[in-house]
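When you get a sec, could you build the whole thing from the sequences and use the hints?
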Amino acid sequence: MKMVILISVLVVVAIAIVFLGLSFFVVDQTQYVAVIRFGEIKRVISEPGLYMRTPFVDSVVRLSKRFYIYDIPVEKIITLDKKTMLVDSYAIWRISDPKKFIESVRTVSLALSRIDDVVYSGLRNTLAKLDFDDIVTGERQSLTDITDFSKKNLVDFGIEIKDVRIKHTDLPSENQQAVFERMKSERRVLQR
Amino acid sequence: MKTKAIILIVAIVIVLIYFSTGIYQVDPSQVALVKTFGKYSHTTGPGIHIHAPYPFQTHVIVDVQTIRKQEIGFRTVRPGQYVQKKEEALILTGDGNIVSVEAVVQFRVNDPVKFVFNVENAEELVKFTTESALREMIARRTVDEILTAERDKVSYEVHQITQQLLNEYDIGVTVINVLLQEVVPPQSVIAAFDDVNNAKQDKERYINEALKYANNLIPSVEGEARKIVLEAEAYAQQKVLQATGETQRFLSILKEYKTAPKVTETRLKIETLEEVLPRARRIILLDGSQNITLLNLDKLIGGDGK
Numbered sequence: 001m002k003m004v005i006l007i008s009v010l011v012v013v014a015i016a017i018v019f020l021g022l023s024f025f026v027v028d029q030t031q032y033v034a035v036i037r038f039g040e041i042k043r044v045i046s047e048p049g050l051y052m053r054t055p056f057v058d059s060v061v062r063l064s065k066r067f068y069i070y071d072i073p074v075e076k077i078i079t080l081d082k083k084t085m086l087v088d089s090y091a092i093w094r095i096s097d098p099k100k101f102i103e104s105v106r107t108v109s110l111a112l113s114r115i116d117d118v119v120y121s122g123l124r125n126t127l128a129k130l131d132f133d134d135i136v137t138g139e140r141q142s143l144t145d146i147t148d149f150s151k152k153n154l155v156d157f158g159i160e161i162k163d164v165r166i167k168h169t170d171l172p173s174e175n176q177q178a179v180f181e182r183m184k185s186e187r188r189v190l191q192r
Numbered sequence: 001m002k003t004k005a006i007i008l009i010v011a012i013v014i015v016l017i018y019f020s021t022g023i024y025q026v027d028p029s030q031v032a033l034v035k036t037f038g039k040y041s042h043t044t045g046p047g048i049h050i051h052a053p054y055p056f057q058t059h060v061i062v063d064v065q066t067i068r069k070q071e072i073g074f075r076t077v078r079p080g081q082y083v084q085k086k087e088e089a090l091i092l093t094g095d096g097n098i099v100s101v102e103a104v105v106q107f108r109v110n111d112p113v114k115f116v117f118n119v120e121n122a123e124e125l126v127k128f129t130t131e132s133a134l135r136e137m138i139a140r141r142t143v144d145e146i147l148t149a150e151r152d153k154v155s156y157e158v159h160q161i162t163q164q165l166l167n168e169y170d171i172g173v174t175v176i177n178v179l180l181q182e183v184v185p186p187q188s189v190i191a192a193f194d195d196v197n198n199a200k201q202d203k204e205r206y207i208n209e210a211l212k213y214a215n216n217l218i219p220s221v222e223g224e225a226r227k228i229v230l231e232a233e234a235y236a237q238q239k240v241l242q243a244t245g246e247t248q249r250f251l252s253i254l255k256e257y258k259t260a261p262k263v264t265e266t267r268l269k270i271e272t273l274e275e276v277l278p279r280a281r282r283i284i285l286l287d288g289s290q291n292i293t294l295l296n297l298d299k300l301i302g303g304d305g306k
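Protein sequences, first through last, are from chains A and B.
Under our numbering, the first residue of the first sequence is numbered 1, with each subsequent residue one higher.
Under our numbering, the first residue of the second sequence is numbered 1, with each subsequent residue one higher.
Keep in mind that the hints were calculated from the coordinates and are not lab data.
Please note that the accuracy of each hint is not assured.
[As the list claims (entries may be wrong)] EDC-like mimics (lysine to aspartate or glutamate), calculated; alpha carbons at most 20 Å apart, straight line:
{"#": "1", "chain 1": "B", "residue 1": "Lys39", "chain 2": "B", "residue 2": "Asp111"}
{"#": "2", "chain 1": "B", "residue 1": "Lys114", "chain 2": "A", "residue 2": "Asp28"}
{"#": "3", "chain 1": "B", "residue 1": "Lys39", "chain 2": "A", "residue 2": "Asp28"}
Since we're looking at a predicted model, the values are computed, not measured.
This is the structure we're talking about:
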């Protein structure tokens with residue numbers, strides 16, 4: 001008899017804990033949380049803390065608030081003077097509007113491909129108007145242009161672009177070989 | 001009774017394990033950021049600490065003293081052994097050439113809260129930022145400048161720009177140093193560069209050798225020149241003296257001649273003849289009387305001539 005009472009108390013406690021665990025959730029300092037009920041975004045929480053939800057009905061989607069660094073794959077660009085250039089760039093971005101973000105891209109990997117598209121077209125548009133040497137030596141202004149372009153085009157996805165920068169400008173490997181040959185010949189001139 | 005004790009012990013152990021999630025240790029170089037229900041509440045320093053157990057409070061430990069580093073253009077496989085990352089190391093210069101640059105950026109966390117909460121992968125961000133600043137600075141210079149005089153300037157400027165950008169991103173990082181490691185021409189060009197250097201060295205060497213030869217030669221030649229000049233001067237002096245002597249003699253003869261012209265004339269003639277004909281054995285004299293006088297000098301002078 002005593003045993004039965006003890007077990008039933010334990011079961012009740014366990015159920016209570018599970019229920020509480022499902023009713024409350026913690027939003028971390030580094031997160032946004034979207035509470036979704038039957039596919040509809042009920043609310044978005046951007047302040048950290050303890051929150052309540054309706055168990056089994058509300059699901060939570062957690063998104064990072066922090067800045068991401070996206071190393072954009074190397075892209076081939078034709079410059080104004082018809083030279084080919086490999087541009088290795090990266091973007092610093094974060095989710096600025098979780099609601100828009102979930103509605104439009106939903107996941108980070110999808111967001112990356114969106115960023116890829118936008119930054120690539122920004123790079124192409126801006127750099128195609130410049131000569132090769134101008135891009136290599138001083139592209140500060142063009143970087144700002146690219147950043148602004150990307151910002152404008154990604155804001156609808158709930159994405160904020162903090163900065164777009166060029167990590168590397170390279171020549172395609174066959175051109176690189178040509179440069180090496182020229183460097184050698186230049187040295188030979190000096191040698192004389 | 002026994003089962004009750006076991007249940008009790010198990011329950012106590014479970015409770016203890018649960019509460020131990022609130023005990024944490026912070027090492028001397030670290031700090032811990034304590035979060036209450038996910039919200040950052042305070043920072044604790046080194047030592048053993050307790051906070052409310054999960055899920056009420058959690059903590060993140062950050063190393064704020066240790067100098068962190070990121071490598072650009074190479075990776076350290078193990079201490080003393082490096083692998084070059086060609087695609088990172090090769091950078092276009094302002095004059096359309098390519099150099100291979102390896103660099104290290106050293107940094108420290110100055111604000112752990114920002115470092116942890118503002119960015120997903122702060123270390124990578126530091127690396128990328130340094131890389132792009134480095135590329136920018138290299139692209140402003142010619143290959144010869146980078147390889148020689150401007151090296152220090154490049155690392156200084158990269159340091160400045162990187163710090164400035166990181167401040168903009170607000171990730172709580174202080175850049176301590178940007179150190180350029182190996183800055184060299186690309187592998188396949190390096191031989192040509194070495195050739196030029198060798199040629200320069202050779203030139204230098206030839207010049208030095210020539211200077212040395214000149215330095216040896218000049219003093220001895222100068223000595224010789226001085227000797228010749230001195231000799232010439234001595235000769236001139238001798239000549240002058242000789243001439244003066246001669247003049248003196250002539251003048252004395254002139255004096256004698258003036259006092260006794262006839263005698264002197266005859267004497268001079270005889271002397272001249274003596275001088276001109278020292279070996280003549282016979283002299284034939286023709287005078288106005290058409291007599292031919294034959295002088296046998298051998299006998300006149302005393303006879304044992306040959």
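Is Lys39(B) within 20 Å of Asp111(B), Cα to Cα? 17 Å, holds
Holds or violated: Lys39(B) and Asp28(A), Cα atoms, limit 20 Å. The hint holds at about 6 Å.
Compare the distance between the alpha carbons of Lys114(B) and Asp28(A) with 20 Å, and conclude whether the hinted pair is satisfied. 14 Å, holds
In summary, this structure violates none of the numbered hints.
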